[in-house]
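K.L.:
As given, the protein sequences belong to chains A and B, one line each in that order.
In terms of the numbering used here, the first sequence is residues 1 to 478.
In terms of the numbering used here, the second sequence is residues 1001 to 1486.
Misleading hints may appear alongside valid ones.
[Stated by the list, open to error] Here are the simulated lysine-lysine pairs, BS3-like style, with alpha carbons at most 27 Å apart:
1. A:LYS130 to A:LYS115
2. B:LYS1355 to A:LYS79
3. A:LYS475 to A:LYS441
4. A:LYS441 to A:LYS391
5. A:LYS388 to A:LYS473
6. A:LYS264 to A:LYS172
7. A:LYS79 to B:LYS1379
8. A:LYS302 to A:LYS264
9. A:LYS358 to A:LYS342
10. B:LYS1343 to A:LYS264
11. A:LYS457 to A:LYS444
12. B:LYS1379 to A:LYS130
13. A:LYS444 to A:LYS414
14. A:LYS474 to A:LYS358
15. A:LYS172 to A:LYS57
16. B:LYS1379 to B:LYS1343
17. B:LYS1419 to A:LYS79
18. B:LYS1376 to A:LYS79
Just so you know, the hints here were simulated from the structure itself, not pulled from any lab data.
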Amino acid sequence: MEWETVIGLEIHAQLATRSKIFSGASTAYGAEPNTQACAVDLGLPGVLPVLNKGAVKMAVKLGLATGCTVAPRSVFARKNYFYPDLPKGYQISQYELPIVHDGELHIELEDGTTKRIGVTRAHLEEDAGKSLHEGFEGVTGIDLNRAGTPLLEIVSEPDIRSSEEAVAYMKKLHSLVRYLGICDGNMQEGSFRCDANVSVRPRGSTEFGTRAEIKNVNSFRFVQQAIDHEVERQIDLIESGGEVVQETRLFDAVKGETRSMRTKEEANDYRYFPDPDLLPLEVDDALVDEARSELPELPDAKKQRFVEQYGLSAYDASVLTASRELADYFEAVADAAGGEGKLAANWVMGELSGALNKAGLDITESPVTPAILGGMLQRITDETISGKIAKQVFEAMWNGEGDADTVIEAHGLKQVTDTGAIEAMIDEVIAANPDQVAQYKGGKDKLLGFFVGQVMKASRGKANPGQVNDLLKKKLDG
Amino acid sequence: MSETSKTVAELAAGLKAGEYSSEELTRDRLARIRGAGAELNAFVTVTDEQALAAARAADQRRQAGGAGPLTGVPMAHKDIFCTRGVRTSCGSRMLDNFEAPYDAHVVERFNDAGLVCLGKTNMDEFAMGSSNETSFYGPVKNPWDTAAVPGGSSGGSAAAVAAGLVPAATGTDTGGSIRQPAALCGITGLKPTYGRVSRYGMIAFASSLDQGGPMARTAEDCALLLEGMAGFDARDSTSVESPVPRYSEALNGDLTGLKVGLPKEYFGEGLDGDVARVIDEAIAEYRKLGVEFREISLANTELAVPAYYVIAPAECSSNLSRFDGVRFGYRCDAPQDLEDLYKRSRGEGFGPEVKRRIMVGTYALSAGYFDAYYLKAQKMRRLIKDDFMSAFDEVDLILGPTSPTVAFNIGERADDPVKMYLSDIYTIAVNLAGLPGISVPAGFSAGRPVGLQLIGNYFDEGRLLNAAHRYQQVTDWHTRAPEAFA
């Protein structure tokens, strides 16, 4: 039987507010355990939550950017369960009435087509603390620094049909939250993590199969692996006569497999009810307008503009708009290069990306600034250097030898365009290779390339390749 | 000064006139708490040292010319209000060792005003009770008859004021916990509009119902104290941003033409005959003051107790989850694992009434029961509120008994939760609607005090206090003191 995979993702994006969602404690990552937990975060008796308005505006921005409806009134509820890293014994989260709902996100597939993935809802909630098992003998440590950190849980419709689509969706959302400046997207620190609801069904069926929820996957690669493994497991199970049970599973990154955490029967009854300590959240038009006015150019719009303004291919435009930082870098290079968008795109996606990858650096950490790279591209355009020599110039610039003009000057890389000088080099090459000249004249046209190579070598790459070509032909054929 | 029946207003005047210092007054009342008052068990913690330091500071402030109207007046806080540096037990073994690193909003305000806190008063465990018998620290006795309960949950505060150990104390009222003990102890107690007084630092029982308020001898004192307690606090999202009137300056308004409703449901079956007689006499007094009475109906009154005993336990089951033995409070000895830690810490730390309500509330919120209990109760709550709103279209205030009976004996209802819950039948609806209510001493039945309840519209505390004060000008029930403590 042929199987179809059905996936829905729940993404938890940690909102980039300075303080927590219901208290004034800092959200900075990596502090000493329990140094960023105030009375509210510790769940001490008598203290009360007060909603952070910054988190609300961020949620509204995500809603606007995904075409969601912003709810004029939403409600915080309590999700009740006992766990040592949950200080109050309940998590404050939006349940029945989320702040934004019913939007969409368009992802690009391998074949170049785009697909719409529905966004069911996004709701505000507080994060729990962390249990620390390492470094303790016979006891568990609790770090409540993360308790109360604002999260936006973004829930997709079950519109995703493969692990590749899941990764594309996750990457798209990752890029979006960073464009919006509402989440730093740091996946190692858990700022952007994913729960995947996975089920399979016979292709053509319209009913959903029983789903398993894979919890807390925190890298694109792991999401792909976890889903692939889970799909395989479910198909094997069904095909061997078994049944998928509704359960929560954990992804073991070391073994590359999922394992059961708890079944539906073991699941908590969360006893949700509206939190009486918080009034219903009202979002008025003024706040929506304010959030809208602060929205940056979003990835899809930027991509379209890159195609139109710089004449880039859709593929190049989408690579360059994958992150706001990369897009900004590219535009600065194109600007410094006098608007040569295509050339800028080739260099940013080619030489620069390669060097950054090799060095393990992010675009924001590039030792070559956009102005310096753009300046070098101008020297290509005005034929001061050839594209080939430019690679040498780039390497020097990467190593901190200064801008293009400085490097060209210091290394004497200026292109030779003086016809007399080139002719002199051609004469020497012809004189030194009488056999090849004879063969060429005998009809072996392909040898022209050999002569061009020899002349370029003699000029140490600096001769203008076009001129060399023309002059050689004239001499050999004449 | 030795007249223990002196009111806040009288003591404030004495301090202002220099008849005695705050330190002298504080020493006197502390001695009384340790002496004659000790048998009442009204205090969980007496803070002699802090009180004397605060009194001396108040005296210095007065000398420096910076005294406010209440500077130097002694008082006590119900042990549900968090006090920095002094244990806040909430009447529970669970918090027997708990010291909050912050002051409640109300505590902060009274400290700033220079009031001198003598200690923390006894209460039903986590404010769950109507008799003060559920306290981990033992029952409080009623100063009028030590065989009787003082009411609850603010029973320690009520007994302390009635016995003249302090002229005033704070209380909290979730279903009647200020008004019912005020009635049973013969003092005046005001439950303000929900949102009038910040709940910050007040340990939660049922967050949508809890409200702090003053307990004192007179309406005038309650007015003075409420001026100090009320007002917006950004730390409580349910605190209301609306200016606080000068209640104490509007006490003498003429009552002629005031329209007061008598809900027929508050005078029916279950009301003790003697209590009914006392209320009738009070109505007659009010008529003399020009008040016009009319019968009204609060048709859904009978829904109040059942709705309350779903909503309050539901909220408490969640509010009390934080007491898990992990970070503060009681922790069982040598827990074997996490589940054992939870089960024994909570099993040993909470008393039976608290456990009963947590279980009821957990059940009411459970999958499959939520609609039938919690949602239904919320609908009933809406009906109850609508009844009051229609009534206030016709009348300015509502009058009735505070409690169906006078104080019952210790142990008498301890084994019958339903009978106990009915003690609050006239007060609970007021919390469900979020309205202000006041209990005023109105007479006696067999030597035990009877309380009269006045209910007002939202933020109409001024009118309530005015009506209570005018009644107290023509009656002397509020000046009576139990013989043993006179």
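K.L.:
Each of the hints needs a verdict: does it hold here or not?
P.N.:
Hints and how they fare:
The suggested pairing of LYS130 (chain A) with LYS115 (chain A) is violated, with an alpha-carbon distance near 37 Å, which exceeds 27 Å. Distance check on the hinted pair: LYS1355 (chain B) and LYS79 (chain A) sit about 20 Å apart at the alpha-carbon level, within 27 Å; holds. Restraint check for LYS475 (chain A) and LYS441 (chain A): satisfied, since their Cα atoms lie roughly 11 Å apart, inside the 27 Å limit. This hinted pair does not check out: LYS441 (chain A) and LYS391 (chain A) have alpha carbons roughly 35 Å apart, beyond 27 Å.
With a C-alpha separation of about 22 Å, the suggested pairing of LYS388 (chain A) with LYS473 (chain A) holds against the 27 Å cut-off. Using a Cα cut-off of 27 Å, the hinted pair LYS264 (chain A) and LYS172 (chain A) is violated, with the two alpha carbons roughly 31 Å apart. Only pairs whose Cα atoms come within 27 Å are accepted, and LYS79 (chain A) paired with LYS1379 (chain B) is accepted, the gap being roughly 22 Å. Distance hint between LYS302 (chain A) and LYS264 (chain A) is unfulfilled; the C-alpha atoms sit about 44 Å from each other, more than 27 Å.
Restraint check: the Cα-Cα separation between LYS358 (chain A) and LYS342 (chain A) comes to about 23 Å, which is no more than 27 Å; the hinted pair holds. Between the alpha carbons of LYS1343 (chain B) and LYS264 (chain A) the distance comes to roughly 23 Å, so the proposed pair stays at or under 27 Å and holds. Annotation: proposed proximity of LYS457 (chain A) to LYS444 (chain A) holds, straight-line Cα distance about 21 Å (limit 27 Å). At most 27 Å may separate the alpha-carbon atoms for a hinted pair to count; LYS1379 (chain B) and LYS130 (chain A) exceed this at roughly 39 Å.
For the given pair, LYS444 (chain A) sits about 33 Å from LYS414 (chain A) by alpha-carbon distance, which is inconsistent with the 27 Å threshold. The suggested pairing of LYS474 (chain A) with LYS358 (chain A) is violated, with an alpha-carbon distance near 44 Å, which exceeds 27 Å. Between LYS172 (chain A) and LYS57 (chain A) the CA atoms are separated by roughly 21 Å; this keeps the pair inside 27 Å, and the hint holds. Pair hint LYS1379 (chain B) plus LYS1343 (chain B) does not hold up; C-alpha atoms about 34 Å apart against a cutoff of 27 Å.
Pair hint LYS1419 (chain B) plus LYS79 (chain A) does not hold up; C-alpha atoms about 33 Å apart against a cutoff of 27 Å. With a CA separation close to 20 Å, the supplied pair LYS1376 (chain B) and LYS79 (chain A) stays within the 27 Å bound.
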